Each structure stands twice: as C-alpha cells, then as structure tokens.
Amino acid sequence: MNLSDLLKKILKKQTGLNLNNPEHLNLVKKVYGSYYVFKNIYNKMYQYYKGDTDAIKKYLFVTERSNLKINANYIKKFIKEEVAYTLGNDIGYESRTDNENVVNDIEYYTAHWNELHDTDLMKYLLIFTEIYELYYIDDNADFCSKIIKPTEGYAYKDNTTGKVLFFIHEFKNEFDNTTSYIDVYTNNKIYHFDNKFNQVSPATDNIFGEVPVTIGELTQEKYNDSLYKDIKGLQDAFETNLSDVGNEISDFRNAYLLFKNAQVDIKQIPDMKKLGVIQFPQPGGDASWLIKNINDTFIQNTLDRYEDTMYQIACHINHNEKLQSNLSGVKCCAPA
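Going by this note's numbering, the first residue of the sequence shown is number 1, and it counts up by one from there.
Hints are supplied without guarantee of correctness; some may be wrong.
Claimed, not checked - As a list, the in silico DSS-like pairs of lysine-lysine whose alpha-carbon atoms are at most 27 Å apart:
(1) K123 / K157
(2) K12 / K163
(3) K157 / K44
(4) K232 / K123
(5) K44 / K146
(6) K9 / K157
(7) K123 / K80
(8) K163 / K8
(9) K222 / K30
(10) K222 / K157
(11) K39 / K57
(12) K76 / K39
(13) K29 / K8
Everything labelled a hint here was simulated from the structure, so no lab data went into it.
It should be emphasised that the depicted structure is a prediction, and the values quoted were computed from it without experimental measurement.
With the hints as constraints, model all of the structure from the sequences given.
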C-alpha cells in the first residue's frame, strides 16, 4: 500500500495508525524527514532571538585592529514588549454558556502549572509563529501541559479538519546528550524509539483517546510572516554598522604621531614623554596626530534609519522618542 492510500484510510478512520506495521512506520519516518528540514529554519529563528546572529558570527576580523562585536537584539526586545503588554494582567476565562463551574474547573486543574507557562507559550509563539502543547497526567494524577517548540516536535494533521493524526516529539536524555529519542503519539498509543526508529521500550497506552496535543498558530504563512523574516536583514545591518563604529572609535587609540622636517631618535622618546617637549632641529618642523576623519552625522543617521525601520516593520512604538504635544491624550500601546 502506498503512503497516499494509507493516509486516506487513516483520515476515513478505516484503519488506525499502528507503528508495529512497517508501512505505517514508513509514513512516520517520511514525516520525520520533513520535520528535520523545517527544524533547521526554526533553529535559526531561535538563534536570532538569543542574539546569535549572522552579523555577530560572521563579523570580519581585521588583524592588528579593534574587533569588538556589539549585539543589539531588537527581535528579543519586540517579542518581550508584546508578551509584557498582552499578559501583563492575569488571563481571565469566560464560559460561553455562562457555566461558572467550567471556569472554576479550568482554574482548579491548572493551578499547579508554572506561573510562567502562558508567558513562555506566547513568547515561543511569537518567535516561531507556531507552538505545541502536549498534555499528560503526572505521577500525582494532575493534569499537566508541556510546551514543545517546533525545534523539538512536529504535529502531522489533516489540513481539512485540522485534526492531529500523530505527533512526533524528539528529545535527549539528560544523562545522555549523544543520542536523540523519539516519542510518537497516536490516538491510542505512545511509541518510543531512538533516532533510527529502533523501538527502545514497549508502547504505552494513550489514556486520552486522541493525540494529546494542541497547536498554536500565529499566522497561516508561518515562517514567511514572522518577525525574524521581516527584520533579520535590518538586525544584521544594524549590528554590523554599530560594531564598525565601535571599532573605529577604539582604533583612535592607535593614532600615529606625524613628524614633518624632523627625525626622532628612539632613545629620546622617553624624555619627550616625561618632559612633554619636542624640539625640532630644522626650520619648518612640525608634529601632528594622523587620525581618521569620521562623519559622525552620517553614521548616526544610518543607525537611526535602521532602528526606525525596524520599529515600523515590527509595528512597535519607540517609547524612547519624545511624543508630540498633541499626542499627550492619545493612548499609545504596542500591538499584540
């Protein structure tokens, strides 16, 4: 049976996904290959959030000169602003049927969750434009949720209904960082493999009766509508130019003293420094510092233009700028 026919049967519920069946396992392997391709893109997006940009990694090293690398992470700044603005107050729940018991149950069964859960969930959603929540019951019989980044997992779903058919979770054991392990969640089972899809332990029952994963999507365009895609080039240009300026300033320490119509005996240099006096043996002698003339206005205008463009593309407000007096009564908020 080819993979297309197998998918049709799974979608029509004519068969369930059984990874003990080699044909079914081949389907998961093929999807895992697709996940691995997208994983490289998501890893790059996460690196930029952490400040590990191409501008910093590939900054040109110049021998015998200052080589400062200045990081100015606007992607992280914008994401943190949106998270703080959106989740500055606690999330409130409301029942569509005015059933207060439903609201109370939600608050009761999630009371033990990490207080940063929602903050982290939105942060990763803004970084990747897609995020997963994996649900499980812990040893204390509490209902729990684990955030899975797109760098760690992939949900294969029916594009028509949006229903998750199976979920792949890749992880490493904290005591063994060399081997990756893969858990595959289906409607009724959880299969445990190594990174070569050799089964490492018997499958366990999935008590939920369906794949216990929900998908958070910021936009249908995903990567192509991400903050990373929009301002990556500007972020790199800003850091590169800012580093260039910093190094130009540092290189002023290496300015040369230019002598005209004079020669200096190396043995006399300590006395010149001590006395602060230079004697020229010939008429027309002169000394001056040979330094580079930097157009600071041009540099500042360029950096300001980069910064302003990043704010505009990210749809954020630069609160460091002075607002016009006629805006004093207008409430300005960064969009969520």
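How the hints compare with the structure:
Between K123 and K157 the alpha-carbon distance is near 23 Å, which keeps this suggested pair within the 27 Å criterion. Restraint check for K12 and K163: the C-alpha separation of about 12 Å stays at or below 27 Å, so the hint holds. At roughly 24 Å between alpha-carbon atoms, K157 and K44 fall within 27 Å of each other, so this suggested pair holds. Note on K232 and K123: the hinted pairing holds, with a Cα-Cα distance of about 18 Å set against a maximum of 27 Å.
Taking the CA atoms of K44 and K146, the gap is near 22 Å; set against the 27 Å cutoff, the hint holds. Using a Cα cut-off of 27 Å, the hinted pair K9 and K157 holds, with the two alpha carbons roughly 14 Å apart. Our distance criterion of 27 Å between C-alpha atoms is met by K123 and K80, whose separation comes to about 7 Å. For a cut-off of 27 Å, the pair hint linking K163 to K8 stands: about 14 Å separates their Cα positions.
Between the alpha carbons of K222 and K30 the distance comes to roughly 21 Å, so the proposed pair stays at or under 27 Å and holds. Straight-line distance between C-alpha atoms of K222 and K157 comes to about 15 Å, which keeps the hinted pair within the 27 Å bound. Distance restraint check for K39 and K57: the Cα-Cα separation of roughly 20 Å lies within the 27 Å cut-off, and the hinted pair is therefore satisfied. Restraint check for K76 and K39: satisfied, since their Cα atoms lie roughly 20 Å apart, inside the 27 Å limit.
The hinted pair formed by K29 and K8 meets the criterion: a straight-line CA distance of about 18 Å does not exceed 27 Å.
The structure meets every hint from the earlier list without exception.
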